[in-house]
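As a plain string of letters, each chain reads:
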Amino acid sequence: MSLLWTPFLPLAIVLSSLIPGLLIFTLREEQQRTRVALNLVGVVLKLLLVVVMLAGVAQGFTFRFQVPFLPGVPLILQGDALSLQFVSLSSLLWLATTIYAIGYFRGSPLQSRFFGYFSLCVSATVGLALAGNLVTFLLFYELLTLATFPLVVHKGTAAALDAGRRYLAYTMGGGTLTLMGVALLHSVAATPDFTAGGYLAPLLGEVDVSLTLAFALLIAGLGVKAALVPLHGWLPRAMVAPAPVSALLHAVAVVKAGAFGIIRVVYDVYGVETVAALELTRPLLYLAGFTIVYGSLMALRQRDIKKRLAFSTVSQVSYITLGVALLGPVAAVGALAHLVHQGLMKVTLFYCAGSFAETCGVHQVQEMDGLGRRMPLTMVAFTLAALGMIGIPPLAGFISKWYLGWGALAVDEPWVLVVLVVSGILNAAYFLPMIYRGWFAASKTGECARTEAPAMLLWPTLFTAALVVLVGVFAAFDLSPLAWAQLIVDREFGL
Amino acid sequence: MTEWLVDSGLGLALLLLAAATLYAPRLYTSVVFFMGFGLLMAIVWARLGAADLALAEAAIGAGLTGVLLMGALREHPPRTERAPRPRSLLWAALLPLAVLPLLVEAILPLSGGAQPLPAQVDAQLAYSGVSHPVTAVLLNFRSWDTLLELLVVLFALLGTRQLALSSRHPHPPWPLLLAWCRWLAPLAFLLGAYLLWRGAKAPGGAFQAGALWASAIVMLRLNGLLPTVSWRDWRLRLPALLGVTVFVLLAVATWLWGAGWLVWPPGAAKALILLVELAASVGIAITLALLVMGEDRELRP
Amino acid sequence: MNTALLSLSAPLLAALWLLLTHRRQAPVVIVASLISLVAAVFSLYQVIDAGEQSLALGGWESPLGIRLRLMPVSAMLLTFTALIHSLVGLYAWRSRHSQTRHTDYWPLSCLLHAALAALWLSHDIFNWYVTLELLGLVAVVMVCLAGPKAYGAALRYLLLSLAASLCYLLGVALLYGVYGVLDVSLLAEAARADPSTRTALMLMTVGLMLKAALWPLHLWLPAAHSSAPTAVSALLSALVVKGPLFILWLLWSRVAPEELGQAAGPWLALAGVGALLVGGWSALRAPLIKLMVAYSTVAQLGYALLALGLMLHWRELSLDAALWLFVLAHGLAKVSMFLAAGEMQSTLGSRRLDSLKGATQTMPVAMFAFAVAGGSLIGLPPSGGFLAKWLLLLPLLQNPAHWPWALGVMLGTLISAAYVFRVVAISFDRARPTSPDFNPDRFAQWLSLLPALLVWGMALISEQLILWLTGATL
Amino acid sequence: MSQTLFYLLVGAGLWLLGLHGLLCLRQPLRRIMAVNIMGSGVFMVMLALAVRPDSPDPVLQALIVTGLVVAASATALALRLASADRDRAQKTAEEGE
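Chains as they are written, first to last, in full-length UniProt numbering: chain A, 1 to 495; chain B, 1 to 301; chain C, 1 to 474; chain D, 1 to 97.
Hints are all accurate, no fakes.
Simulated restraints on C-beta separations:
| hint | chain 1 | residue 1 | chain 2 | residue 2 | range |
| --- | --- | --- | --- | --- | --- |
| 1 | A | T212 | C | R94 | 50 to 58 Å |
| 2 | A | A190 | C | G349 | 47 to 55 Å |
| 3 | C | F443 | A | Y286 | 53 to 61 Å |
| 4 | B | W257 | C | G471 | 33 to 41 Å |
| 5 | D | Q27 | A | T26 | 56 to 64 Å |
| 6 | B | P173 | D | A89 | 28 to 36 Å |
| 7 | A | T26 | C | P27 | 25 to 33 Å |
Honestly, the hints are just simulated from the structure, not real lab data.
Where is the CB? At the ideal position from N, CA and C, for every residue including glycine.
Chain A with its partners taken away, still in its complex shape (with noise of 0.2 Å):
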């Protein structure tokens, strides 16, 4: 059932960082307290609205905007519990990362420029969860592209506008390929909306030819921005950014939207039968399996803390792909618990390392020495987070690890196994270093000039930090990710 106001809704999710975002433009820079204020106006009136939607999918209402674009093919907002997920994921990192980035920024130029990119990025994250078909995906896809290569190129360096023409080669390369897919698939069947199950199952025997092509097309599209390996190319270099765009977009919003379509595609376009009856995932479990090892060695070799991270990134997403690849209902239940997890652990570490940077200066893995004593709090933050990506129980990794590992055996995989437990093994090779460096190792350098980091970047960073460790801990309670994981795979699968 639905009142008179619910369609509107997920457009006023959109739009509630849209408008703020354009209004920002128009700023000049020394307008500071009105680009604050219309920051967090737009920060906390998404999260309202989010909970208002959480509550009201919880009573059963249902949340559809519909616009018409192409023939047969209406712009859709949908709010299900896949998209919501993703959602409130994004919209509280959003809030934490605003704070975050207003204390990153302050005296530095552009600020203007950089916030109202930064709102529109997150409108064109949340417009692709929430979106309901898949044009309307690829839509938001693109203009995620746009929107997040002024912030990549902020700095205006001649190294920042390299990896900007690298990002964009790369991603305007997998929307071109995204776009093939979605028209082929559109020529061969439509494109009604997303459903439970996938809607290709009808046309299985016809059009196999067209239907591998077009996935093989869309996971190839979708897997540029989710860092697959022969695609991951953008993620290392794209560190040259400002740590909130490293935290929010290239942590978050970004790679997650790869992961996300990946999501959508298996399960509400093909469907698990379809794709295990044309044999499609079996190349995909692979690539993710090669990907999480690769990343994690990867990440051994880098000196640069936040380069270190970036293949960190790149090794943890591929879980997420892993899990939807596996097919089983259990590995689903950790990706997707994965999918909020990463992110929340992800986002502290990028935050820890905004930090180190802009307080101590700190851009090496050698020169954390001692970091301990000088920024006790923000180096417990990124024990708490390095611990839980190793997987270490009761964070948050451990919990989607523990899933993942289950149910590979439950779709006899035994070899998924192996691969998890090397790249936890990685894992604690690369972060326990720098742990053990931030607070036994003697500082060699003098002291930096303040002992820990403002509070503008310090709270943000507690804040997820704390999370981590929440959501580890309660993860049985219906409230958690993993619950709400559960409860789409449930409906996904049809249990």
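Following the hints, position chains B, C and D against chain A.
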């Protein structure tokens, strides 16, 4: 037999003159060949029985274009007169040879093609207001073409107005030319007027008359007998735009108050056609004269 | 039909009035364009309700007289022409760099508008020769407005345009020799696939491709369009190049018999893919701003040629809609891109691309217009360019035998993304210190943004537009 | 070979010669003359068709008159443009020295 001889002679002469024009070593000789080519072309038109065309070709094609070429030649004396080494473009040589068989294959069946139009022209000629079929087609059946064609002439003039022309240094009039001019100019005006009037019944018409008047004006200007009038002065501007303006206003008038766009009322067809022809020939005369002899001071927008 | 004629005569009378009174009043021209726009919209509605209308000029029924025919496509193009002229007229009136002060820009732009309207309405192959000649001459004259440095390019453009018209005229003579009629509908009934018709159509196609600068006969366009003044190059790229394309489409889809169309289809489609790749590659390497935008026109026309070729080859009429949707989207996007590029070039004072370094700080609105227009050229959803590409892709992807053509479209998209974002990336660099007399004209930049917003606004009416186009052009 | 066919071939020959000249020659004046020769070729083809022995065709003759005037005014503009371009080239050459 002689019929065939004359035709083949003219045809071959045309082809030779054209080749000579293009590949003559000095620019001056190729211009002279070109004017010869134009005159020969006028003779061929007359030979083929198209008197209108012969007049038009002689006056506009060979005459005014030749004067323009001479003018262009005079302005920039050939500095280095080496033989024009054509660009060694292989495909530019092979392309026409490749197209030739296609063209010949297309032309062969043409002599037997269907021709419904001449019969219809004769049938409707009575209602067209003029007795000469070519003028009837030009100014009544396909008058829209003629209107657009007058616009083309206007565009050429507007184009010349935009160019940054270097001012020409006037030559003192050549005495023999002065003597000739006293006879030729009035004769040309008279002949043009006659052609204009005769256009309704026999070969002639606005363009041929306009061209003759233009040549008369050019002769007078060469002798400095005509003052240079600036474009800002309406006395030059209005006659130059007369042809297009009258035609367009008539078209709009027939559309708003008449039976339809460019539909001459049956009774007044002849008078209207004559009015349009007169306006057109005045316009064309002034425009062609300005195109040929237009000074920078006259044309500057 | 009367409103269509009003849409034609309004600019014509305005031009004559300006020439006769020798005054340079922009408002007269803008009012004439707006009147023409309103009349064109009325004619569009008439065509939607009552279908095609035709008018025998001078009261003489064809084949004797000339017949004007108002098809849905021509009504749409009339509206499109009037809209572009109003937009560019507003820009030229406001901008300081369009050389409209001491030249005949205003009467010439009205005459260009009238010539285009005459071309859209005409239905007679010889009348098309005269309108093509009109179009070519007025385009050359407007290129000359930019001063002596543009004369070389204008002269080459004029010579090639004359040669193209004569190719076309020879084709008309051959057709008239065989069938004895000049009206398109009568020709369509009588046309047979004999050698004369084949050669005639080939000659006409070569002439029209040369005038529309379709690859491989595009060599005159980059020099001419980049050296013309800003407002003129916008008009040339958006409208003048589309006139011969309209005739080419009508010739091949109406006059040419089926088997000739089927034979010619792949060649046209290959030329389209060639245009996409070669034009895109040249745009990618062009060092000057407007030269890059001009090459992008050559590249983007490849989509239209590809749609036309495949439509002829498979008799797939939905590709017609893709062709005309592309023409609309490309026209609006190209106007915005040229106006933005021209504004930046004259304000920053240099023609080179690297002078755009930091343009997002110095001229943010113009660079935003350039990027938004570029987005539509690439075909990013939900712009007009995306709608055209979507309609073009569907028949290609339907059966696996056609996938290589889809690959061509994909490569074209990638190359166009490359050359648009090459400029956008430069503009995000750090801004060089601007010269002291640097005062950007903000209102002119907003005007250059307007067409780009319109092409993205096409998404709001996209469904009705596509349904009407697929239904109307049959 | 009938008179019509002969003049058709002469017209086609002139058209080809003009096309060849336009593509090969470099000096603007010669290229303008080449275009004029192309035009005369087409008009020759049209006139040969207009005066076919069975029925002289006034419509085609009218078309040729229109074509001739169009060609002449276009040539006039081309020539003025050529000389203006030459003046520019000379002026830049003088400034260059």
